[in-house]
Amino acid sequence: MRVKVALFATCLTDTFFPETARAVVRLLERLDCSVEFPLDQTCCGQMHFNTGYREHSKPLARKYTEVFGSYDYVVAPSGSCAGMVREVHPTLGEAPPRTFELAEFLVDVLGVTDVGAWFPHRVTYHPTCHSLRMLGVGDKPLALLRAVKALDLVELPDSTQCCGFGGTFAIKNAETSTAMLADKMRCVLDTGAEVLSAGDNSCLMHIGGGLSRLRTGVRPVHLAEILASTEEDPWLATR
Amino acid sequence: MARNPVTWLGSPTFPKAAREALQDTQLRQNLRRATGTIRGRREAAVAEMTDWEMLRVAGEQIKDDVLARLDTLLVQLEESVTARGGVVHWARDAEEANRIVLGLCRDEGADEVVKVKSMATAEIGLNEALEAGGVHAVETDLAELIVQLGDDRPSHILVPAIHRNRSEIREIFQRRMGIEVSDEPADLAEAARVYLREKFLTTKVAISGANFAVADTGSIVVLESEGNGRMCLTLPDTLITVMGIEKLVPSWQDLEVFLQLLPRSSTAERMNPYTSVWTGVTPGDGPQRFHLVLIDNGRTSTLEDSVGRQALRCIRCSACLNVCPVYERTGGKSYGSVYPGPIGAILTPQLVGDMRDPQAASLPYASSLCGACFEVCPVRIDIPSVLTHLRAEAVEAKGRTAESIAMAAAAWMFREASRYEKAQKAGSLARFLARDGKITSLPWPGSKWTSSRDVPAPPAESFRTWWRKNRG
Numbered sequence: 001m002r003v004k005v006a007l008f009a010t011c012l013t014d015t016f017f018p019e020t021a022r023a024v025v026r027l028l029e030r031l032d033c034s035v036e037f038p039l040d041q042t043c044c045g046q047m048h049f050n051t052g053y054r055e056h057s058k059p060l061a062r063k064y065t066e067v068f069g070s071y072d073y074v075v076a077p078s079g080s081c082a083g084m085v086r087e088v089h090p091t092l093g094e095a096p097p098r099t100f101e102l103a104e105f106l107v108d109v110l111g112v113t114d115v116g117a118w119f120p121h122r123v124t125y126h127p128t129c130h131s132l133r134m135l136g137v138g139d140k141p142l143a144l145l146r147a148v149k150a151l152d153l154v155e156l157p158d159s160t161q162c163c164g165f166g167g168t169f170a171i172k173n174a175e176t177s178t179a180m181l182a183d184k185m186r187c188v189l190d191t192g193a194e195v196l197s198a199g200d201n202s203c204l205m206h207i208g209g210g211l212s213r214l215r216t217g218v219r220p221v222h223l224a225e226i227l228a229s230t231e232e233d234p235w236l237a238t239r
Numbered sequence: 001m002a003r004n005p006v007t008w009l010g011s012p013t014f015p016k017a018a019r020e021a022l023q024d025t026q027l028r029q030n031l032r033r034a035t036g037t038i039r040g041r042r043e044a045a046v047a048e049m050t051d052w053e054m055l056r057v058a059g060e061q062i063k064d065d066v067l068a069r070l071d072t073l074l075v076q077l078e079e080s081v082t083a084r085g086g087v088v089h090w091a092r093d094a095e096e097a098n099r100i101v102l103g104l105c106r107d108e109g110a111d112e113v114v115k116v117k118s119m120a121t122a123e124i125g126l127n128e129a130l131e132a133g134g135v136h137a138v139e140t141d142l143a144e145l146i147v148q149l150g151d152d153r154p155s156h157i158l159v160p161a162i163h164r165n166r167s168e169i170r171e172i173f174q175r176r177m178g179i180e181v182s183d184e185p186a187d188l189a190e191a192a193r194v195y196l197r198e199k200f201l202t203t204k205v206a207i208s209g210a211n212f213a214v215a216d217t218g219s220i221v222v223l224e225s226e227g228n229g230r231m232c233l234t235l236p237d238t239l240i241t242v243m244g245i246e247k248l249v250p251s252w253q254d255l256e257v258f259l260q261l262l263p264r265s266s267t268a269e270r271m272n273p274y275t276s277v278w279t280g281v282t283p284g285d286g287p288q289r290f291h292l293v294l295i296d297n298g299r300t301s302t303l304e305d306s307v308g309r310q311a312l313r314c315i316r317c318s319a320c321l322n323v324c325p326v327y328e329r330t331g332g333k334s335y336g337s338v339y340p341g342p343i344g345a346i347l348t349p350q351l352v353g354d355m356r357d358p359q360a361a362s363l364p365y366a367s368s369l370c371g372a373c374f375e376v377c378p379v380r381i382d383i384p385s386v387l388t389h390l391r392a393e394a395v396e397a398k399g400r401t402a403e404s405i406a407m408a409a410a411a412w413m414f415r416e417a418s419r420y421e422k423a424q425k426a427g428s429l430a431r432f433l434a435r436d437g438k439i440t441s442l443p444w445p446g447s448k449w450t451s452s453r454d455v456p457a458p459p460a461e462s463f464r465t466w467w468r469k470n471r472g
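Residue numbers (UniProt numbering), protein chains in the order written: chain A, 1 to 239; chain B, 1 to 472.
Just to be clear, a hint being listed does not mean it is correct.
Unchecked claim - Capping the alpha-carbon separation at 35 Å, the derived lysine-lysine pairs in DSBU-like fashion look like this: (1) B/LYS398 <-> B/LYS422; (2) A/LYS172 <-> B/LYS438; (3) A/LYS4 <-> B/LYS448; (4) B/LYS448 <-> B/LYS438; (5) A/LYS58 <-> B/LYS422; (6) A/LYS149 <-> B/LYS438; (7) B/LYS398 <-> A/LYS149; (8) A/LYS58 <-> B/LYS448; (9) A/LYS172 <-> B/LYS422.
Said to hold, decoys possible - To give an idea of the interface, some chain A residues facing chain B are shown, with a C-beta separation under 10 Å as derived from the structure: (10) ASP40; (11) ALA170; (12) ARG213.
Said to hold, decoys possible - Sample of chain B residues at the chain A side, in silico, Cβ under 10 Å: (13) ALA91; (14) ARG92; (15) ALA408; (16) PRO443; (17) TRP466.
No lab work stands behind these hints: they were computed from the structure.
Treat the numbers as computed from the prediction; the structure is a model and nothing was measured.
C-beta: ideal position from N, C-alpha, C; glycine also.
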């Protein structure tokens with residue numbers, strides 16, 4: 001039976017990383033899901049809530065419930081946005097629809113770890129704090145990556161340490177954020193990987209922004225894009 | 001009301017203090033080594049316990065019960081202590097507590113006192129107040145002694161000199177003790193032992209804090225690792241204990257939970273090396289006069305906040321400091337308080353009680369909300385949730401700012417998909433600022449991002465535009 005899924009692209013991915021959202025669509029459809037993208041969606045309100053603008057986040061949480069309320073499954077390519085919906089929206093008076101981070105949806109709901117992907121690159125994976133500690137996604141992303149053909153997965157040292165993004169923390173405490181980023185980049189470079197993957201484009205934008213500034217030659221690629229890549233239709237660097 | 005000395009006078013806001021601290025390469029090295037080591041050891045010590053999660057829940061519940069019944073339990077404690085020959089004093093704030101302790105020292109005719117390591121006395125600035133009143137306080141905890149002799153400030157709850165390495169400690173000892181000593185840990189410890197032994201044997205008054213106070217028996221409990229605390233608690237004639245009102249446990253049996261949680265969380269030890277317990281005064285054994293000074297100093301107002309009050313569960317183990325990626329890089333002094341790290345970021349502003357204070361208001365933002373602190377907290381304080389709760393208070397206290405106007409505009413934009421799409425299209429024009437697919441410099445406040453990170457060029461087409469064209 002085809003599983004009907006609503007894609008919550010998240011404002012960041014919709015705006016800056018459309019290739020990730022397209023990859024989610026391709027991947028889920030390959031796994032026999034029917035994917036819908038309600039065009040009324042905008043933002044989960046995480047930036048406002050986490051920066052102290054709780055009141056501003058309330059109408060956005062309300063809107064999320066209205067837009068996605070009729071779906072059995074909502075999937076987001078972001079651990080922190082899914083975490084915001086699941087853990088915080090209830091404290092704002094909402095009863096949100098069942099919302100999953102991509103890796104947990106694949107493993108827990110669809111029950112697959114081998115999604116038929118092919119990705120001939122050396123990859124290391126940063127687990128992202130909210131996936132790890134808010135949602136408890138654990139090693140599901142790694143299980144998915146291990147099943148990808150031709151992929152050379154290298155373990156990231158000190159992987160559970162925060163990369164230093166933290167939303168507006170990256171601006172408000174830019175120097176501390178950068179110090180954390182420096183250590184994360186050191187760990188990434190130590191692996192010799194050519195691709196750094198994660199389940200969240202926000203963390204990837206931060207680490208990737210540092211890797212790019214230093215011209216390290218390591219490319220950030222969202223987990224969805226790796227899992228969507230096949231021998232017939234391989235991932236291509238779009239930028 | 002006098003300012004609360006829980007924050008140090010003249011401390012800059014966190015981002016400013018952190019920026020400076022990050023420049024200190026020795027500090028960075030010392031902290032990385034120290035926190036890295038203790039993190040690994042704590043993890044191993046906790047992994048041995050099959051019932052750790054149940055212990056955490058028990059710790060949380062006992063402390064929540066105490067906070068809910070604090071009024072009656074405190075009266076019960078006072079009765080128990082008094083019945084066993086102790087004298088209980090109540091202090092509303094730091095100033096009152098310092099006045100009481102100084103008065104007690106004067107009653108004893110003491111011009112010098114020995115001290116057991118204590119956060120409560122550091123919080124109220126007792127040493128400085130005593131000094132101003134002509135009473136010199138000698139810290140006897142090795143790390144506190146290093147801080148005191150170095151005319152320094154503490155940077156960690158449990159290991160206040162964590163920012164110092166052994167060669168720095170050697171330098172401080174040589175300069176202040178007038179001795180020649182190597183930088184071998186054993187030699188440094190021996191130098192401190194010789195220095196302190198004389199103090200223990202000649203000083204008549206000791207001052208301590210308390211880890212726990214048992215309401216139904218009136219027993220006070222202090223945990224330490226060196227035995228120096230035990231010296232202070234047994235040798236002098238008079239013992240003055242300063243304790244925050246939240247340090248209670250209802251009964252003796254409740255200690256079993258905390259005596260398991262605390263050592264493994266703080267020093268990664270299975271059992272605490274020196275656990276001292278005393279109940280009032282025992283004739284002919286130990287101090288013959290015992291005073292218990294109970295301090296509020298912002299705790300009652302913290303208790304009023306239904307979200308923020310969980311900070312009062314804290315048993316000062318420091319596990320959250322040791323796992324915090326922010327603390328590891330900035331060190332404790334950047335927090336401008338005796339309570340640094342994640343717990344400090346939620347406890348300090350609440351004890352200060354005024355979010356119009358820019359330094360206090362900057363503390364809840366000193367976190368990336370990574371959640372490592374909550375994961376290790378032995379009494380399950382949900383630090384990230386309290387941080388965002390306090391951020392909301394800080395925003396409210398600040399009123400209208402450039403940030404609040406920008407946030408209001410962003411929220412307005414996100415409330416309607418049509419407005420969001422228009423903004424998206426306008427923002428997409430920024431791609432013409434890009435070279436090689438990236439933007440390397442943005443105007444303020446974006447410059448705070450681009451100072452160390454490139455921004456990917458926005459794509460010509462958002463996902464929703466693609467969807468509409470291909471699937472809509």
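So, going through the hints one by one against the coordinates:
1. For the hint linking B/LYS398 to B/LYS422, the alpha-carbon distance of about 31 Å falls within 35 Å, and the restraint holds.
2. Taking the CA atoms of A/LYS172 and B/LYS438, the gap is about 22 Å. The hint holds against a cut of 35 Å.
3. The straight-line distance between the Cα atoms of A/LYS4 and B/LYS448 is roughly 42 Å, outside the 35 Å bound, and the hint therefore fails.
4. Of the pairs offered as hints, the one joining B/LYS448 and B/LYS438 holds, with about 16 Å between alpha carbons and a cut-off of 35 Å not exceeded.
5. For the proposed pair A/LYS58 and B/LYS422, the alpha carbon gap of about 22 Å is at most 35 Å, so the pair holds.
6. Only pairs whose Cα atoms come within 35 Å are accepted, and A/LYS149 paired with B/LYS438 is accepted, the gap being roughly 31 Å.
7. Between the alpha carbons of B/LYS398 and A/LYS149 the distance comes to roughly 54 Å, so the proposed pair goes past 35 Å and is violated.
8. With a C-alpha separation of about 28 Å, the suggested pairing of A/LYS58 with B/LYS448 holds against the 35 Å cut-off.
9. Between A/LYS172 and B/LYS422, the direct Cα distance comes to roughly 27 Å. Compliance with the 35 Å bound is thereby established for this hinted pair.
10. With its C-beta approaching chain B no nearer than about 5 Å, A/ASP40 sits inside the 10 Å limit, and its interface hint holds.
11. The restraint placing A/ALA170 at the interface with chain B holds, with a minimum CB-CB distance near 6 Å, inside the 10 Å limit.
12. At about 5 Å, the closest approach between the beta carbon of A/ARG213 and any beta carbon in chain B falls short of 10 Å, and the interface hint on this residue holds.
13. Interface restraint check for B/ALA91: the shortest CB-CB distance to chain A comes to about 33 Å, outside 10 Å, so the restraint is violated.
14. Against a cut-off of 10 Å between C-beta atoms, the interface hint on B/ARG92 is violated, since the closest Cβ of chain A lies about 30 Å away.
15. Interface hint at B/ALA408: satisfied, since its Cβ lies 7 Å from the closest Cβ of chain A, which is below the 10 Å cut-off.
16. Because the smallest distance between the Cβ of B/PRO443 and any Cβ of chain A comes to about 13 Å, over 10 Å, the interface hint for this residue is violated.
17. A cut of 10 Å between beta carbons decides the hint on B/TRP466: the least distance to chain A is about 6 Å, and the hint holds.
This entry does not satisfy hints 3, 7, 13, 14, 16, going by the numbered hints stated previously.
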